[in-house]
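Chains as they are written, first to last, in the working numbering: chain F, 32 to 480; chain P, 35 to 424.
Hints may be right or wrong, so weigh each one.
Stated by the list, open to error - Simulated pairs of lysine to any residue, SDA-like, Cα-Cα distance not exceeding 20 Å:
1. F:288 x F:269
2. P:415 x F:378
3. F:441 x P:421
4. F:40 x P:362
5. F:343 x F:326
6. P:76 x F:122
7. P:76 x F:468
8. P:363 x F:41
9. F:40 x P:299
10. F:84 x F:61
11. P:363 x F:416
12. P:415 x F:269
13. P:72 x F:368
14. P:235 x P:362
15. F:200 x F:55
As the list claims (entries may be wrong) - To give an idea of the chain P side of the interface with chain F (calculated C-beta under 10 Å), a few residues:
16. 36
17. 37
18. 90
19. 161
20. 184
21. 201
22. 205
23. 271
24. 326
25. 329
26. 410
27. 419
Rather than coming from a laboratory, the hints here were simulated on the basis of the structure. Glycine included, every Cβ here is placed at the ideal spot set by N, Cα and C.
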Amino acid sequence: MSEVIKIRKGLDIKIKGEAEKIFMRAEPSELYAVKPVDFHNLIPKLTVRTGDKVRAGTPLFFDKNHPDVLLTSPVSGTVDAINRGERRHILEIIIKADPVVEYESFITGDPARMDAGEIKKNLLESGLWPVIRQRPYDIIANPEDIPKAIFISAFNTAPLAPDYDFVVKGCEADFQIGIDALAGLTAGRVYLNINDEYPASQVFTMARNVQINRFRGPHPAGNVGVQIHNIDPINKGEIVWYVAPQDVITIGRLFEKGIYDASKVVALTGSEVIRPRYYKITGGSSIKNMVNNNVSESNNRYISGDVLTGRKIPSDGYIGYYDSQVTVIPEGDHYEFIGWARPGFRKYSVSRSFWSWLMPDRQYRIDTNIKGGERAFVMTGEYERVFPMDIYPVHLIKAILVKDIDLMEKLGIYEVAPEDFALCEFVCTSKINVQSIIREGLDYMIKEM
Amino acid sequence: MLRSYINKIKHHFEKGGRFEKLQTTFEAFETFLYVPNKVTIKGAHIRDSIDMKRAMAIVVLALMPALIFGMWNVGYQHFLAIGEYKSVWENFVFGFVHVFPIVVVVYVSGLATEFIFAQIRGHEVNEGFLVTGMLIPLIVPVAIPLWMVAVATIFAVIIGKEVFGGTGMNILNPALTARAFLFFAYPSEMSGVNVWIEGLKEGRNIIDGFSGETILAQAASGNTAYVNGIGEQYTTGDMFLGFIPGSIGETSTLAILIGAAILLYTGIGSWRIMLSVFAGGLFMGLVLNLFAVNPFMEIPAWQHLLIGGFAFGAVFMATDPVTAAQTIKGKYIYGFLIGLLAILIRVLNPAYPEGVMLAILLMNVFAPLIDHYVVAANIKKRLRRAIPGS
């Protein structure tokens, strides 16, 4: 067993609404969606039209730049609508589900005995390829690359994140097949990173064909970027792929049964959820039936994902492709009289500048108010306290702002993704939108390289 | 009620309104009264409760012990000089009457300049001046003419900050810029024996032979017996508690340490800088002790930390995040060099009795260079990693 890697910097935000480890049944959703916006840098080209019949695994669109990268329908049914936004950007392809799911069929077999080409072909055709993402740039992996390693983070430390050990229960066999498939795609190793703070699920600890690493520490210890940085950092020209555990299981099911079975477990979390629990659903499902009669009456924000990196969706919106969590928190669109001067017993802050430090164990109902105006960089050392990489975050951000490619490279842009900076954004006194700056930097690199 | 009034008049200040030009001014007052109702649109959906206003308010709060003690000490020193014994309250009232106008003049002149610049540039009014405006009164002698304070403050805001692009971009600490300006433009009002105690300059009712010399001036002239104006010996306790003449807020090490505790506990001040400034000062003091050839070089290293503006500079000036080094390693180097240079300048230079101000301003200039080398080391490490087998 390898040694434990301790992450010392970081922060577990004390926010209310963790999901209790109980499975709930929600009425299956009638509508499902695949959202091209979930896939950064992908330009969708539709292969279906409204009214078309599709099965689970039927292609809906492909990437203009990589035509073999397909996205397929998670359920069988009819294409109900194609929702577009500004300049006819495709936002969502809505599928109205049939009562019984019909599947497209794909190749089955033991991936350990297949060559890389066959594995790739199966993943691409079934529409499962996009579950594999890459660093640098944090985009869908390019099927033509051979990564130096593949990382799987078997735990999630984000605020109110689902417990993967609970989520994957009973999926040993599929998980192993998934790993065997991934192992065939890299020249290097597959790293499976587990949380050392409590006994991990057997699904992870008994996995073969991987190197298991143990991590300890606050968020973002579960972020794959932090794990890559500690185990096998990315240098210029190198590529690392990563996959989430539930998606490894989906890959396993593809090779086992020859179908795209998009079922997954999501946690419904947040202070405004009356009974935060886990739900077994199908990917792309509407959250309508989960949140119905299960959230407070206040003006709420619904987030697909966690509060730091998730995407805002309507109360009848759809779960994102990569998300295994839905969070509901109060909107903060109210004024507060001399808020900056109040004692703030109920205000959460990493700094101890509010009296809430008197109650270290309290969990907070945190709303979406920005809680201040945007300012120039003034405070220093804030980001460093929550950013556990050997990278100077503020210097990197400034290099991005002045678009100095050479300097960005030197300061480590290849190793980071917006999510690694989410905590910096949270703690920032100057209220700077750090994640979008990092995203712009990465996009600029993609364009210029 | 107030809120609905603000909402009612708000449109006058928005684009196309009657007072469109005063938009940033309106906004500054509005956000002072109310935290805005803006919600997160991109990035993290939740944010820490701290903002610049809160952070700056905490620093101002941390300065209060030094200010309140300073007011009392102004009265105490004055009545000592005229040979009257007064109660704590009377001392404080006297000090308040003489210090408060300085505070008002600094805020009015400084904020007016800030608002004008915010207006011209069309950006929000930054809260940084709230701290600068509280620092300036604390680092000037009480007898300073008010017009000089106003001139120095305006100079500091324009030359120390706005020409660099405003808050966050400045290289020199604005409050120290104001002090340096006064120090070089009006040396007779910033040094000598008569400026530290209110009333000495006019000379009415002063006890015969009373001297308003600071401890530092006595040490510099080789007289390390340290006596007060009427010839009584100062104890270490007097120096630590601050019953000595000096700039308004700098005398009480205790009051400054209370402020330091607030800054450190809330996490707003950098302990790395504070600690390393004291370490640097102590180190230089010890080195000077080793090679001592005159009484000033012989004074115990720890005593340096209690007298003059050392503690105030270490806690409130060196830690200004904008002008300090920004990297963790850089902060240690920056702080240590400030402490070291402050004592070096203090003891070995014949012209100025105090070295803290110049040491901090000098290191303000070098802070970006220190950071540059710290970051360059990180870059080198990353590049080495890319070459296998090295």
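If you test the structure against every hint from before, which numbers come out violated? Hints 1, 2, 14, 20, 22, 23, 24 and 25 contradicted; others consistent.
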